[in-house]
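Student: Listed below, chain by chain, are the residues.
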Amino acid sequence: GESVGLHLPTLSVQEGDNSIINCAYSNSASDYFIWYKQESGKGPQFIIDIRSNMDKRQGQRVTVLLNKTVKHLSLQIAATQPGDSAVYFCAENKTPGGSYIPTFGRGTSLIVHP
Amino acid sequence: SQTIHQWPATLVQPVGSPLSLECTVEGTSNPNLYWYRQAAGRGLQLLFYSVGIGQISSEVPQNLSASRPQDRQFILSSKKLLLSDSGFYLCAWSYGQNTEAFFGQGTRLTVV
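Chains as they are written, first to last, in my numbering: chain A, 1 to 114; chain B, 1001 to 1112.
Quick caveat, the hints were computed from the structure, so don't treat them as lab data. Note that the structure is a prediction, hence the values are computed from the model and not measured. Hints are not guaranteed to be accurate.
Unchecked claim - Partial selection, computed: residues in chain A whose CB lies under 10 Å from chain B:
(1) Asp17
(2) Ser28
(3) Tyr32
(4) Ser109
Unchecked claim - Chain B regions said to be covered by chain A (calculated; three or more residues, Cβ under 8 Å):
(5) 1015-1024
(6) 1076-1085
(7) 1089-1098
What the hints assert, rightly or not - Here are the simulated distance ranges between beta carbons:
(8) B:Gly1016 - A:Ala79: 29 to 35 Å
(9) A:Arg61 - B:Gly1054: 42 to 48 Å
(10) A:Gln14 - B:Pro1069: 37 to 43 Å
(11) B:Gln1097 - A:Pro9: 26 to 32 Å
(12) B:Asn1063 - A:Thr69: 39 to 45 Å
(13) A:Pro9 - B:Gly1054: 22 to 28 Å
(14) B:Ser1057 - A:Asn22: 26 to 32 Å
(15) A:Gln45 - B:Asn1030: 22 to 28 Å
(16) B:Thr1099 - A:Gly97: 18 to 24 Å
(17) B:Ser1077 - A:Val70: 39 to 45 Å
(18) B:Val1060 - A:Asp17: 35 to 41 Å
(19) A:Ser26 - B:His1005: 31 to 37 Å
(20) B:Thr1099 - A:Gln60: 18 to 24 Å
Ideal Cβ positions, reconstructed from N, Cα and C, are used throughout, including at glycine.
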């Protein structure tokens, strides 16, 4: 089974809008979270990560928010561009058994309309 | 810098034929290595992971096996492919416990 799940399978936005992709995780012991971007036919690529001692981290046009109370993670993309169209996965680096293995959710497909 | 190579990019194999997918990592030593499978519209399902030479852990019992004959080489195999083995196979590596994973470009396997 998947210990990391996503609320929405598809998100459509207009170019220039801000995008928010949400993720729920189930393992309260997880202490490291990563967002990946996967373009069609390619392997996932790292976007941004956050450790459990933080609740917010910013990168270039991206921000990750972590709410440990409700076990929720979000990825915000500012001024979304057509090149941002891809599937986005959140992942946690701990299995329920305690192993440090990247565990992925189903993914959200982001579609950016010009 | 570190790089990961995975081949072939696409593969069409008949049911009952064997499989061997190879993955190699350059520029690092003693990496954690992973094989994932991705079905259409789904997330990444972990198949195998390895923390060292000869050390393989299986997450999902199935028709596949993995081996790590060298530190930076990870091989996914099957003796007899099933139709259900079709999918997008991804190799990845990471270093340490709480670091990101780096993925290869994937192999699109179609079993016919």
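Student: Mind checking the hinted window 39 to 45 Å against the Cβ distance between B:Asn1063 and A:Thr69?
Tutor: holds, 42 Å
Student: With a Cβ-Cβ cutoff of 8 Å, does the region 1089-1098 of chain B contain at least three residues near chain A?
Tutor: That given contact holds, which follows from 5 residues of the region 1089-1098 of chain B lying within Cβ reach (below 8 Å) of chain A.
Student: Would you check whether A:Asp17 satisfies its interface hint, that is, whether its CB is within less than 10 Å of any CB in chain B?
Tutor: violated, 24 Å
Student: If I claimed the Cβ atoms of B:Ser1057 and A:Asn22 lie 26 to 32 Å apart, would that claim hold in this structure?
Tutor: holds, 31 Å
Student: At the C-beta level, are B:Thr1099 and A:Gly97 separated by a distance inside 18 to 24 Å?
Tutor: Once the Cβ atoms are compared, 19 Å apart, the range 18 to 24 Å for A:Gly97 and B:Thr1099 holds.
Student: Lying within 26 to 32 Å: is that true of the beta-carbon distance B:Gln1097 to A:Pro9?
Tutor: For B:Gln1097 and A:Pro9 the Cβ distance comes to about 30 Å; the hint holds.
Student: For the region 1015-1024 of chain B, do at least 3 residues have a Cβ located nearer than 8 Å to some Cβ of chain A?
Tutor: Since three or more residues must qualify, the claim that chain A covers the region 1015-1024 of chain B is violated, with 0 doing so at under 8 Å.
Student: Regarding A:Pro9 and B:Gly1054, is the given constraint of 22 to 28 Å on their beta-carbon distance met?
Tutor: Since the Cβ atoms of A:Pro9 and B:Gly1054 sit about 39 Å apart, the hinted range of 22 to 28 Å is violated.
Student: Taking the beta carbons of B:Gly1016 and A:Ala79, is their distance inside 29 to 35 Å?
Tutor: Because 52 Å falls outside the window, the suggested range is violated.
Student: A:Tyr32 was flagged as interface toward chain B. Is the shortest Cβ-Cβ separation under 10 Å?
Tutor: holds, 4 Å
Student: Given a cut of 10 Å on the nearest C-beta pair, is the interface hint for A:Ser28 held or broken against chain B?
Tutor: violated, 16 Å
Student: The region 1076-1085 of chain B covered by chain A? Criterion: 3 or more residues, Cβ-Cβ distance below 8 Å.
Tutor: Check failed, 0 qualifying residues.
Violated hints, in rising order: 1, 2, 5, 6, 8, 10 and 13; the structure is consistent with all others.
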